[in-house]
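Make the full structure from the sequences, and use the hints.
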Amino acid sequence: MTTNFPSKVHITTTINGQQHELLVPGYMSLLDTLRELIGLTGTKEGCLDGNCGACTVNVDGRIVDSCLVLGAEVDGKEVKTVEGMATPEGLHPLQQAFLEEAALQCGICTPGFLVAAKGLLDNEPSPSEGRIRHWLAGNLCRCTGYDKIVRAVQKASS
Amino acid sequence: MVATFEPKTDYRVVGTRPIRHDGYDKVTGRAIYGGDMKLPGLIWGVMVRSPHAHANIKSIDTSAAEAMDGVFAVITGADMPKAPSKLVDLGEGNINFKWASNKLMAAEKVLYRGHPVAAVAAVDRYVAEEAARKVVVEYEVLPSVTNVVDALKPDAPILLDDLVGDDLGEDVTNTNMAAHVRHEFGDVEGAMSSAAHTIEREYNMQMVHQGYIEPHNATAHWDEEDRIKVWTSTQGAFPARTQIAGILQVDVSRVKVTPLEIGGGFGGKIPVYFEPIAALLSKKSQRPVKMVMERTAVFETTGPTPGARMIIKLGADANGKLTAATADIWFEAGANPGAFIGPAAMCVYAPYEIQNTRIDGWDVLVNKPKVAPYRAPGSPQVAFAMESAVDELCEQAGWDSMQFRIDNASKEGTRRGDGVLFSKIGMQEVLDAAKASDHWNSPLGDAPEGKVRGRGIANGYWFNIGLKSSANLAVNADGTVQLTEGSTDIGGSRTSMAMHVAEVLGLDAHDVRPVVGDTESVGFTDVTGGSRTTYATGYACWQAANNLVDVLKERVAILWDIKPEDVDFNDGLFSSKAESAKTIGFKELAGKLDDLGGPANSTGAVDLESAGDGFGMHIADVEIDLGTGKTDVIRYTAIQDVGTAIHPSYVEGQLQGGSVQGIGWALNEEYFMQDDGRMANSSFLDYRMPTSLDLPQIDTVLVEVPNPLHPYGVRGVGETPICPPIPAIANAIKDATGKRLYNTPMNPGSIVESLK
Amino acid sequence: MHPFAYVAPNTVAEAVAVLAEHGDRARPLAGGTDLLVKARANVWELDAVVDVKNIPELMSLSVNGDGLSIGAGVPCYQVYENEEIQAQYPGIVDGASIIGGIQVQSRAGLGGNLCNAAPSADGIPSLIAYGAVAKISGSNGNREVAIEDFATGPSRTVLDNDELLTSIEVPKPAANSGAAYTRFIPRNEMDIAVAAVGAFVQLDSSGQNFESARIALASVGPTPILAKAAGDSLAGKPVNDESIDAAAALAKDAATPITDMRGTVDQRKHLVEVLTGRMLRQAVERARG
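Quick note, the sequences are listed as chains A, B and C, same order. This note's numbering numbers the first residue of the first sequence as 194 and each following residue consecutively. This note's numbering numbers the first residue of the second sequence as -2 and each following residue consecutively. This note's numbering numbers the first residue of the third sequence as 232 and each following residue consecutively.
Mixed in with the good hints there might be a few duds.
[Claimed, not checked] Here chain C is said to cover these stretches of chain A; the calculated rule only asks that three of the stretch's residues, wherever they fall, bring their Cβ under 8 Å from a Cβ of chain C:
#1 218 to 225
#2 241 to 247
#3 253 to 266
#4 318 to 332
[Said to hold, decoys possible] Only part of the chain B face toward chain C is listed, based on derived beta-carbon distances under 8 Å:
#5 Y123
#6 E126
#7 E127
#8 K627
#9 N665
#10 N678
#11 D683
#12 T688
#13 D691
#14 N744
#15 P745
#16 V749
Read the hints as simulated data drawn from the structure, not as lab findings. Fair warning: this is a prediction, and the values are worked out from it, not measured in the lab. Note that CB positions come from ideal geometry on N, CA and C, so glycine has one too.
This is the structure:
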């Protein structure tokens, strides 16, 4: 490690609407920042190389694989995770639809799918089945065969 | 216990679709999976793994790792307790503790790439990974062998010096052949030689992985009382305890396993990998230790299902009746014995009635990870061979392959390939439903220019297991019921358990609160596997609920000052046999229990033989790009006898999920092995499991032939659906291109090759 | 993963200074979708990553009369969601919209794709076909390199340790031109190309004849390849099956693939021929509007 740079980076970031001031090791992923430093373990680790989408979070309106983002990179940014989807009024329509349509079996991929699907519906309220399948191709599910997940997203669409 | 039950249809709760109890925590991110475990003072463990597939360990130098700041413990094979060579049944598969111990941490020799040789515990994961890189291991690299043909050659490198192979009862040494079994009935040679039509073909399949999204993990704390507490994602807390205690050579009562939520298993999370290692690191560091496996190691070192070589020969008479069959089956066991040739023999001919049959199976060691159960272990392989051969026989003789399957369908009394006689089964009902299905009666449609379409069908079978399950009930004062059951819940089974209890007690599904118990809060329960959970643990829940009714009748008897046997219970209402107007509801009674003898609890415990045979047929439509060889599945229907669907949504989900795993296996998934024994594609990127964009909706047809062995008619459901997809797609590809493929994966390259 | 420091300079000069100081133990970080995977797998052992996303010129994206300028840190989604780029540079949109899934496209960009120098890079063939140029800044000043010359081998580029890719400049396509890119993968997304082809064609005003063409290939050599003879063969030829098939055969000849887990030599050469024909026809269709 060089002496030129601090080994930890001071960041201020908004996570699910709450501001956090953190010291993050330069090499620490956003995934570990959320899970280990903040304690938000709803975002899951599946592969650590951007090929399963289990760690999907939303940064400034775009969905990303949090395993491929450094915690230091979200300084000044707004991060949203699955823990931020429900409101005091109740579950997000996607969460409710996933329950009603039995769109989860083991549930490990569910947070990533929910955050990814919300990223779609926030911008395209009525996507076609093909568009949903394309948008969610970066999220692997091994239990459901995707059928009920796609139906749940359709149900939550306006 | 063999009780039989009359079919019933007047259910209140069974067959409805309540929201799963654990769903709220799972859609909000609150559910705690194994990897989410946190404890005060928790440190991280990381494995040091062999880069070689087969090598002797010459030396291990851990000093540089131990000297690093933040490192608390380093262990090697020398720290592993010496476990005896002893075979223990785990429900679905079994375990030899010596080999299991060596599998988790090599003693003197590494047998597959990624084989652990040391482990490090440090303050966090990053420091532990850096420390692991500083462990220096010197190897003497040995030649490796990664397929069954090479492994059985006389000059093959031998994996286990102490292996005594069983060749039809004869001991064999200096071999990679762990077992050779045979099942033979009737006059096979005679029937084959007098058959009007015969076909003989060889099929080869590459090893594939379960592909669960959650990596293996474990957290362990070896405390001052010498008790070992383990938190983990497992398919069975009790079988995990058996393994951990056996490998660590301690009494089972010293190990407490708390099963956390589990992110998929499909059989692959029955064996333990990290738990004993985390415990040993904890003992040495005096701290709780957590380990989470990297994805490459999941592929390289945990439970794939066997690659296979199979030769099938079929004989039929001039009327289209199967008369004879032989199957020679070689399965890759990986680095230790146990390649599921037993289940393969049980399944290969199961959908058919054939009088004269022979099966020979070989369990063969290769320098790959030890196989683990994967959804109907052994059955998808033999289904690919058998169902492909059946279609080709029909093509050769000019028979309709649907009608042929109907004409030869197994039924009550048919003898399975291993000799077992079927009781009430639903093969014929499934075929009738398939033939009547919308899919079967709809045209394929025209392919766009440059593409061709085809349709394929195939049968599938899994026998489903019973085994041991336990459940406890306690009545709350508000009239709800607390259920503690022993089956870890991978796919929504908790709710099915609650529905069993609610059906008996006349409650709503959500009046029963189910939790999965740890090994100190519920009785012994076997794995969540073998498609046994809803059947056997549901049965235990049903029994506990009936026992609770008996307990509550005694309380009603106190209330009314009558005898318990004079109390009736129906649909949630207790009544007096003598005075039928005298009633009290379950909830009202629950509120009065404090004055009627106090807490009302009950328990259920079962040990069951079979969960009832499960048969299915799938219909697959494919479209193939003749230029690139790419196959798209454009329509798919899974038809299956599910006994009684307790929660139909989750039964459909099992059929859909199994179908898609089979589709992935058929088209792209494989262990692509390099000459040095390395798996070249050990990432989700290159292993190529299907994404949402690779699939159509998966239609399901639930055929309900109630299982007489279960009070509500439940059959095992989860495994059968992975068996038909591979041959259904093979048969569809043949229909589309005119070319038959005999090897998996049937990827674009092999399709282009077949069209040359 | 070797622990590394994170630094996010605001200027090219600062970034170059850090890169110069650390040699091959520092790397620029744009989308991170390759960098962090390689760092985690210890393919690259790094002491520092230099986040370039605070450097305004590396994040600028502009389309004007001279052409298209893509800052080295601009993520794919900004490229393929831009309506002007969709209209004028469809070949680039074809490539940018299939790199990884949506999550990856939020971060990964064409600049990083170029610097990662994978033989299979989906972003590069269209840039070659359009005749794009890479702009580079370093301790010793600035220079420009044609995209087809940028990668020198798998994971290797012309960049020195003290150099930074700043932007990719794509010339404005001539009238009556069109382009298209596709790759072959066994799945429908989330895969590395078995073989890939990008084509750019310029037709005469009748739309019936080729004036010129450039064809670029990926996953069939150590770097993406400009199949020059294949493109040149079309100059002055009528647009028909004969000319296109002949060019496809020449593209096949230009491919020098290896056999690996993703495909065999024969399969890849076959795919180059099939895909070249398809991409030329699609580019022609787009050129004709």
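Evaluated hints:
1. 218 to 225: With 4 residues closer than 8 Å to chain C, the segment 218 to 225 of chain A meets the three-residue bar; holds.
2. 241 to 247: As far as the segment 241 to 247 of chain A goes, the hint holds, because 5 residues have Cβ atoms under 8 Å from chain C.
3. 253 to 266: The restraint on the segment 253 to 266 of chain A holds, since 10 of its residues have a Cβ under 8 Å from chain C and three suffice.
4. 318 to 332: holds (count 5)
5. Y123: Holds, because the Cβ-Cβ distance from B/Y123 to chain C comes to roughly 6 Å (cut-off 8 Å).
6. E126: With Cβ-Cβ at 6 Å, under 8 Å, it holds.
7. E127: holds, 7 Å
8. K627: It holds, given that the least Cβ distance between B/K627 and chain C is near 7 Å, below 8 Å.
9. N665: OK, holds: B/N665 within 8 Å of chain C, min 5 Å.
10. N678: holds, 5 Å
11. D683: holds, 6 Å
12. T688: Interface hint status for B/T688: holds (6 Å vs cutoff 8 Å).
13. D691: Hint holds; B/D691 Cβ to chain C Cβ min 5 Å, cut 8 Å.
14. N744: At 6 Å from the nearest chain C Cβ, B/N744 passes the 8 Å test, so the hint holds.
15. P745: holds, 5 Å
16. V749: holds, 6 Å
Violated hints for the displayed structure: none, as all numbered hints are satisfied.
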